[in-house]
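Number of protein chains: 2
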Amino acid sequence: MMFIPEFSDVKSAMQLIAPHVHRTPVMTSRQLDVISGVRLFFKCENFQKVGAFKFRGATNAVLNLTEGQRAAGVVTHSSGNHAAALAHAAVMRGVKAYIVMPSSAPEVKKRAVAGYGAEITFCEPTLAAREAAAAEVIERTGATMIHPYDDFFIIAGQGTAAVELLSELPDPDAVLAPVGGGGLLSGSAIATRHLAPAAKIYGAEPLLADDAARSLRTGTIQPALPPRTIADGLLTSLCERTFTIIRENVDDILTVTEEQIIEAMTLMWTRMKIVVEPSSAVPLAAVLANRELFSGKKVAIIVSGGNADLSRLPFGERG
Amino acid sequence: MMFIPEFSDVKSAMQLIAPHVHRTPVMTSRQLDVISGVRLFFKCENFQKVGAFKFRGATNAVLNLTEGQRAAGVVTHSSGNHAAALAHAAVMRGVKAYIVMPSSAPEVKKRAVAGYGAEITFCEPTLAAREAAAAEVIERTGATMIHPYDDFFIIAGQGTAAVELLSELPDPDAVLAPVGGGGLLSGSAIATRHLAPAAKIYGAEPLLADDAARSLRTGTIQPALPPRTIADGLLTSLCERTFTIIRENVDDILTVTEEQIIEAMTLMWTRMKIVVEPSSAVPLAAVLANRELFSGKKVAIIVSGGNADLSRLPFGERG
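For the protein sequence lines, the chains are A and B, in the order given.
For the first sequence, the numbering used here gives the first residue as 1, with consecutive numbering after it.
For the second sequence, the numbering used here gives the first residue as 1, with consecutive numbering after it.
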């Protein structure tokens with residue numbers, strides 16, 4: 001039995017988390033409209049708390065804990081935005097957060113998670129070591145595991161960004177979201193299919209991590225590829241839950257090259273003046289690489305986050 | 001006889017330019033409030049057209065041309081935001097724009113000005129060569145010189161950012177703006193003195209370009225220092241017009257080190273997720289360097305622009 005959220009669950013999440021999350025702005029850019037030939041609308045989750053949409057799902061997960069679960073705390077193994085989001089969402093609601101991170105994680109990410117008040121357990125940088133360390137935490141504390149995307153409440157929470165977007169832009173021709181494990185795309189698809197049934201829904205993915213596109217094409221979940229893309233938020237593969245939602249609701253998954261990602265990211269930084277992480281530029285890259293599909297249309301993009309590492313930016317002497 | 005704008009001139013500018021400029025957002029950041037101990041409000045002119053407040057003054061100057069002046073066009077010598085702003089403001093109103101730029105200006109700036117449809121005249125990178133080239137353009141075309149800050153309509157136009165700011169935040173304890181030639185600070189001071197008479201008004205300046213602070217202290221305009229600061233928008237010195245306004249209305253000019261500028265810029269990029277140029281980080285740096293002055297207060301900062309050169313960022317491996 002696998003629980004799949006429906007629109008009513010996204011709506012419940014919206015009511016529950018609204019007092020705790022930022023209602024982020026929907027930005028437009030005439031320059032990018034001219035460059036792309038598309039009417040673009042950007043739902044800016046880079047301005048969300050902890051700098052990413054992940055705070056929505058994490059908050060919904062924490063607010064749906066039972067009393068007993070709240071007392072024991074939550075745990076996850078992640079070095080990315082989900083770890084920071086869960087740490088912040090839990091600790092601000094008085095719930096203990098245990099985060100398992102590889103000791104090789106960047107200092108800045110360790111400091112961020114520690115700064116939110118989480119208890120960090122370091123482990124070797126392998127999935128087996130991470131799972132073992134998380135299991136040990138659960139054994140010791142009874143904490144509840146909150147998976148970054150294979151979770152009913154996480155998916156419902158991620159869908160709330162699209163709910164806000166569609167309340168400002170009720171009739172887009174298309175909605176795009178980046179796809180890694182598929183939590184954001186699943187939630188966005190559930191919300192969009194209900195609120196704007198005529199809109200096309202696309203996932204966007206790096207060609208170097210195109211497991212979701214291949215999963216959709218072959219009909220079975222394909223494993224994640226070795227991590228070579230700059231879009232380090234999109235390295236995970238789908239789970240049955242997200243794959244089921246995506247297969248039912250998503251029209252297609254568009255893939256883009258690394259060069260196209262960097263070009264789109266450069267446009268967002270220089271024209272829109274917003275800091276976005278590489279994963280957030282993947283949908284705009286997909287629009288620019290498929291202009292004939294979107295020409296003249298109203299296209300909404302979920303900008304997933306803004307936690308770019310300023311010491312490792314991909315901008316060279318490109319003028 | 002020197003014409004000094006009053007608040008009624010800023011108000012006229014507001015009415016005239018409102019249909020042509022972006023009403024930029026006033027952003028807040030809980031993280032920066034916690035870090036600074038100050039309640040901060042950022043008027044985000046990095047989101048203005050051409051990426052800087054300069055578009056306000058340039059638009060006001062163009063809209064105040066006589067019919068004869070419109071027919072002959074406008075000219076300025078600048079390699080910075082004023083050149084792009086004047087080019088865009090003029091050409092979009094059907095007025096010819098002549099821009100004198102040093103041939104050594106960055107390719108990206110040349111392309112931006114050309115992209116707005118201006119006619120560029122290149123010259124040697126000295127003030128004498130720039131003035132001579134501009135004089136030649138005027139001789140040949142009859143174009144009207146629009147100075148980047150020593151201009152009645154430019155100053156009145158720059159004051160409109162503060163008008164918008166104070167309509168959303170009517171009672172700040174202090175308003176800060178960066179100061180180079182003093183156009184933005186002058187316009188902001190005229191608007192603030194009228195709309196929020198109880199507010200303190202501060203200019204903020206790099207220590208390596210502290211000519212405005214020394215001018216205020218000595219009572220006579222001090223020349224600009226050699227260009228060594230990262231805040232390349234603040235290299236010019238005051239003129240009689242801006243000095244007169246600043247002396248009458250500005251409470252103090254605060255100076256900051258290069259390290260403080262980079263630290264403030266890093267905070268704005270990583271916490272607020274906005275792209276700002278170094279000059280725009282100078283007021284926040286001044287707040288952080290003078291916490292006792294602003295502690296617990298409502299402090300508004302005019303964020304001047306977002307045209308940072310992504311190929312020359314000051315962020316190293318600082319974590």
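Hints were generated in silico from the structure; no laboratory data involved.
Heads up, the beta-carbon is just placed ideally off N, CA and C, and yes, glycines get one too.
Keep in mind that a hint or two might mislead.
[Claimed, not checked] Among chain A residues calculated to face chain B with C-beta under 8 Å, some are: (1) F47; (2) T126; (3) A128; (4) S167; (5) P170; (6) I262; (7) W269; (8) T270; (9) K273; (10) I274; (11) L310; (12) S311; (13) L313; (14) F315.
[To be verified] Which bits of chain B does chain A cover? Going by a derived footprint, with three or more residues having C-beta under 8 Å, they are: (15) 45-57; (16) 147-156.
[Claimed, not checked] Just the calculated beta-carbon pair ranges, DEER-fashion: (17) A:R291 - B:G117: 19 to 27 Å; (18) B:V34 - A:M145: 47 to 55 Å; (19) B:R30 - A:A132: 34 to 42 Å; (20) A:R291 - B:R93: 24 to 32 Å; (21) A:S104 - B:P25: 52 to 60 Å; (22) A:R312 - B:H22: 42 to 50 Å; (23) B:G117 - A:P223: 50 to 58 Å; (24) A:A135 - B:Q31: 30 to 38 Å; (25) A:T257 - B:N290: 28 to 36 Å; (26) A:T257 - B:P106: 25 to 33 Å; (27) B:F7 - A:T266: 37 to 45 Å; (28) B:G117 - A:R247: 30 to 38 Å.
Need the list of violated hint numbers for this structure, in ascending order.
2, 3, 4, 5, 6, 16, 18, 21, 22, 25 and 28
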